[in-house]
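Trainee: Line by line, the protein sequences give chains A and B.
For the first sequence, the UniProt record's numbering assigns the number 1 to the initial residue and increments by one for each residue that follows.
For the second sequence, the UniProt record's numbering assigns the number 1 to the initial residue and increments by one for each residue that follows.
Among the clues, some could well be false.
[As the list claims (entries may be wrong)] With the C-beta cut set under 7 Å, the calculated list includes, among others, these residues of chain B facing chain A:
1) LEU7
2) TYR18
3) ALA21
4) PRO26
5) PRO28
6) TYR53
7) PRO62
8) GLU72
9) GLY74
10) ALA76
11) PHE94
12) THR96
13) LEU116
14) ASN117
15) LEU131
[To be verified] Here are some chain B residues pointing at chain A (derived, C-beta under 10 Å):
16) LEU103
17) ARG106
18) ALA138
19) LEU142
The hints are simulated quantities; they were obtained by calculation from the structure and are not laboratory data.
Cβ coordinates follow ideal geometry from the N, Cα and C atoms, glycine included.
The lines below spell out each chain.
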Amino acid sequence: MDILASLGDGFSVALSWQNLALALLGCFLGTMMGALPGLGPANGVAILIPLAFTLGLDAVAALILLTSVYYGAMYGGRISSILLNIPGDEPAMMTCLDGYPMAQAGRAGEALALSGVASFVGAFFATWGLVFLAPALVNIALLFGPAEYFVLFTLAFATLGGIAATNQAKSAFAAALGIGIAMIGVDTQTGVQRFTFGEVHLYDGIDFLIAIVGLFALSEVFVFLEHRGQGESGGAAGKMKIGRLTPSWGMLRYCTPTMIRSTVLGFLAGVLPGAGASLGSFLAYSVEKQVVDPRSKTFGKGDPRGVAAPEAGNNAASGGALVPMLALGVPGSGTTAVLLAVLLTLNIQPGPLLFQNNPDVVWGLIAALFIANFMLLALNIPMVGIFTRVLLVPSHILMPIVAMIAFIGIYSITGSTFELTMMVGFGALGWLLRKLEVPLVPVILGILLGNEMEVNLRRALTISNGEWSTLFDSWLALALWTIAIVGFVLPIFLGKRVKKKMEDAAEEGPLGD
Amino acid sequence: MMSDRVLGGVGLALAAFYAWAATIIPEPFASDAIGPDGFPMIIAAVLALSSLYFVLKPDPDPKWPALNRLAEIGFALLVMFGYAQVLPVLGFVFSTILITAYLTWRLGAGPLTSLLNGVGTAVGLFVIFELIFGLSLADGPLGF
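Here chain A stands alone, though its shape is the one from the complex (with noise of 0.2 Å):
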């Protein structure tokens, strides 16, 4: 076996001391983050990449730190869930559904820790699918021309609104927009300046890390300020009683065959594109209670396999999205946009070449997950108690030390003030952006991919000589347009209802997974 002798190696990289204190803080701030409402993982990894970045750690150090603290901010959001009612991200909106009904019985901790359990289970198993599947694409992807990447990329936006996007305009107004950007600057084929008017801090173009941070960490402060003294958080935390925090073998033994169904779904609603966590845990709520009580007896009252299934679900998705993101470099949700803003900033290009070219950072960095898994389970059982703590700490302390953290963040990879006040006007756009429901996701998506989507463009009108018909040449690049299509056309029909029943179910989620 090719594929677990590789794994060997990866372990081998990934069991050193710095490695594990890595994992370890990364698992402890993810989860923080996942808990706090407002803090998702795609804000708590992007406030983190410049600054794992001027540390100086190098690339397999790097990506063990920012991948922990994604696994752990998707842990961490079912915290908040289960004990105030209010999701810490949107993938964990469906826990509140039974998770509060169960604290509310006196049950929370054996609510935390059994969510404590799905979460290891989906994130695990989904791991393990991940080792497996991402390899086998890397062999599809291997086929690709420019002309299929080019399609391949198209695909990639018509279709990361999701299955329950309400309007496809806005989608792709916001690609637009962030494609437009990625185009400031140097015409890298031809040497030309674009979009820069003499500006000479554009000639390099305009810094993905400060977009992101701008428009996802920044943003936030923009709307708690327009929220503030609006349903306050904290204080209820510390009154809820936990009770218990292990769950008996009974209950656990109740709800595996539930873990198991959920973590299938969610492995799969995560490698589709455009799905995502929040589908993730979104089907497997549904299709669980379809399954088990199709009547609605018991769900919605605190059911422990309600609570189970949504974390098997958002976790397992989680760890799916990684294998579009490795194998193809084309990320299908914002977490892993910002994941693959990570890989960009290291200088390394995801992707199938990635696995022959750097094969210690991605046997690596999936190593690490697995130990991630573990440390998790661990710091998420016995510790969980601390994590609560961190919900009394009101936002008015919070959201200021995190908007210091960005600017920090930010001013130490550029040093200038531009950059800083750049940054800012990104968190303005943000905010406006957000009120209109103009999805965020694709213009992180289109800064970082647009020039990659460019390039891939002109090479294949170049080996065609100008012939546009070469985009449409092969099985592939047809099978592909077809999955764009469909992606894109589906959601007008569907959208308006699927995003209903989310709705229905659920209060509104702050901000994309």
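Chain A is fixed; fit chain B onto it per the hints.
Mentor: Quick look at chain B alone, frame taken from chain A:
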């Protein structure tokens, strides 16, 4: 309705500006099939089409905050812009005390808590990032 129409109008203007800016890209010595302005033109077209859709079929208006809340956000924005400007002058610690205290206060804390959070955050982050991790944060007249 109105918000989306405005967005569409701004989007159309942006698309037009972008297309114009693409036409003034200098002609390179050796060019490929579509040149440096071909792809940006496609992007401008997508931008224009989606903006046109907002004008023709706008979504219902979002709930805009009251005027005083908008002013709140505007002021926070100004303070952050100001922070970027004074950072190299006052240095990290002093600028950070000011902005953190301001944000904490505006997010609903009392004056004393705000000041304490300002000092705590500034000193704490300085110790962690400059003294422990060795990043170089902006230096003021006193060296920090």
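Trainee: Going through the earlier hints one by one, which of them does the structure break, listed in rising order?
Mentor: 9, 11, 13, 15 and 19
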